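Colleague: Those sequence lines, one after another, are chains V and B.
So for the first sequence, the numbering used here puts the first residue at 292; every next one is plus one.
So for the second sequence, the numbering used here puts the first residue at 41; every next one is plus one.
A few of these clues could be false.
[As the list claims (entries may be wrong)] 27 angstroms max Cα-Cα, derived DSSO-like pairs, lysine-lysine:
(1) V:K390 <-> B:K106
(2) B:K106 <-> V:K333
(3) B:K106 <-> B:K95
(4) V:K336 <-> B:K60
(5) V:K390 <-> B:K104
(6) V:K293 <-> B:K54
(7) B:K104 <-> B:K54
(8) V:K336 <-> V:K390
(9) B:K106 <-> B:K54
(10) V:K370 <-> V:K336
(11) B:K106 <-> B:K81
(12) B:K54 <-> V:K390
(13) B:K54 <-> V:K370
(14) V:K370 <-> B:K104
(15) V:K370 <-> V:K293
(16) V:K293 <-> V:K336
(17) V:K333 <-> V:K293
(18) B:K81 <-> B:K54
(19) B:K81 <-> B:K104
(20) B:K60 <-> B:K106
(21) B:K95 <-> V:K370
(22) V:K390 <-> V:K333
(23) B:K60 <-> V:K293
(24) B:K81 <-> V:K390
(25) B:K81 <-> B:K95
(26) B:K60 <-> B:K95
(27) B:K104 <-> B:K60
(28) B:K81 <-> V:K333
(29) B:K54 <-> V:K336
(30) V:K390 <-> B:K95
(31) V:K370 <-> V:K333
(32) V:K370 <-> B:K106
[To be verified] Okay, the calculated beta carbon distance ranges per label pair:
(33) V:P383 <-> B:T120: 23 to 29 angstroms
(34) B:V43 <-> V:K370: 42 to 48 angstroms
(35) V:A311 <-> B:D67: 35 to 41 angstroms
(36) V:Y342 <-> B:S154: 36 to 42 angstroms
(37) V:Q322 <-> B:H125: 26 to 32 angstroms
(38) V:D368 <-> B:N91: 41 to 47 angstroms
(39) B:H125 <-> V:S317: 29 to 35 angstroms
(40) V:A358 <-> B:H47: 41 to 47 angstroms
No lab work stands behind these hints, which were simulated from the structure alone.
For clarity, every value in this text was computed on a predicted model and none was experimentally measured.
Note that CB positions come from ideal geometry on N, CA and C, so glycine has one too.
Take a look at the letters that make up each chain.
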Amino acid sequence: RKEVEQDPGPFNVPEGATVAFNCTYSNSASQSFFWYRQDCRKEPKLLMSVYSSGNEDGRFTAQLNRASQYISLLIRDSKLSDSATYLCVFGPDSGGYNKLIFGAGTRLAVHP
Amino acid sequence: GAVVSQHPSRVICKSGTSVKIECRSLDFQATTMFWYRQFPKQSLMLMATSNEGSKATYEQGVEKDKFLINHASLTLSTLTVTSAHPEDSSFYICSARNIIGNQPQHFGDGTRLSIL
């Protein structure tokens with residue numbers, strides 16, 4: 292089983308749509324969870340950390356389900372600028388200070 | 041602005057050439073830097089952890105004699121791909137951890153290496 296599994300997509304959605312991605316992880320000892328965004332041929336950028344209680348940042352909501360070992364990302368009111376690849380990322384320590392495990396990413400394409 | 045600078049951003053060279061990539065933390069000190077590699081449509085894979093003043097720690101399957109890492113100061117780590125071949129063509133990205141405080145890793149903007 293892969294350490295991290297993500298649906299590669301692409302998810303093609305119109306502007307204004309709500310879209311959700313899930314990501315499963317195999318290491319139950321994972322302590323830190325993140326969503327990163329990567330634009331084509333660019334470095335990944337931290338979108339948000341994911342906390343046990345779930346957290347929201349504007350149009351973005353992240354959830355963690357430790358029992359089922361997955362995290363999710365919900366994007367509301369999609370914008371054209373949200374088009375990118377979304378990477379789920381896990382770390383063995385609580386702060387993500389050390390080795391990070393990256394998923395291969397889910398591609399999102401938002402169209403007018 | 042960028043807090044981690046990576047140079048060069050693009051390299052195209054002939055097979056057999058050795059290529060050096062620099063990763064600099066711009067406004068903080070980093071005892072630890074990480075080197076990742078990403079092939080097209082694949083995830084970032086950690087190659088090695090670079091520790092200032094000591095030997096790098098390599099991930100399983102990564103040849104330390106092929107990918108030389110030097111972390112000589114708290115703001116600079118270098119990755120040298122020795123005798124590069126076409127299969128080494130990839131996107132190489134570094135990240136750095138601030139020595140102070142609980143902060144996430146900052147990523148450089150990557151180096152796209154193409155070996156002809």
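Colleague: Is 41 to 47 angstroms respected by the C-beta to C-beta distance linking D368 of chain V and N91 of chain B?
Modeller: Once the Cβ atoms are compared, 44 angstroms apart, the range 41 to 47 angstroms for N91 of chain B and D368 of chain V holds.
Colleague: Quickly compare the C-alpha distance for K370 of chain V and K333 of chain V to 27 angstroms and report which way the hint goes.
Modeller: 19 angstroms, holds
Colleague: Given the proposed pairing of K54 of chain B with K336 of chain V, does the C-alpha separation stay at or below 27 angstroms?
Modeller: Violated: K54 of chain B and K336 of chain V sit about 31 angstroms apart, past 27 angstroms.
Colleague: Quickly compare the C-alpha distance for K293 of chain V and K336 of chain V to 27 angstroms and report which way the hint goes.
Modeller: 23 angstroms, holds
Colleague: Measure nothing beyond the straight line between the CA atoms of K370 of chain V and K104 of chain B; if it is 27 angstroms or shorter, mark the hint as holding.
Modeller: Outside the cut-off at roughly 44 angstroms; violated.
Colleague: Given the hinted pair K370 of chain V and K293 of chain V, is their alpha-carbon gap at most 27 angstroms?
Modeller: Roughly 31 angstroms between the alpha carbons, so the hint for K370 of chain V and K293 of chain V is violated.
Colleague: Are the Cα positions of K106 of chain B and K54 of chain B separated by 27 angstroms at most?
Modeller: 16 angstroms, holds
Colleague: For the range 41 to 47 angstroms, tell me whether the beta carbons of A358 of chain V and H47 of chain B fit it or not.
Modeller: 45 angstroms, holds
Colleague: Is 26 to 32 angstroms a correct range for the gap between the Cβ atoms of Q322 of chain V and H125 of chain B?
Modeller: Between Q322 of chain V and H125 of chain B, where Cβ atoms are some 38 angstroms apart, the hint is violated.
Colleague: Decide if the proposed pair is consistent with the structure: K336 of chain V and K390 of chain V, CA atoms, cutoff 27 angstroms inclusive.
Modeller: 16 angstroms, holds
Colleague: Check whether the Cα positions of K54 of chain B and K370 of chain V lie no farther apart than 27 angstroms.
Modeller: 42 angstroms, violated
Colleague: If you draw a straight line from the CA of K390 of chain V to the CA of K95 of chain B, is it 27 angstroms or shorter?
Modeller: Holds. K390 of chain V to K95 of chain B sits at ~16 angstroms (cutoff 27 angstroms).
When each numbered hint is compared with the structure, violations occur for hints 6, 12, 13, 14, 15, 21, 23, 25, 29, 32, 34, 37.
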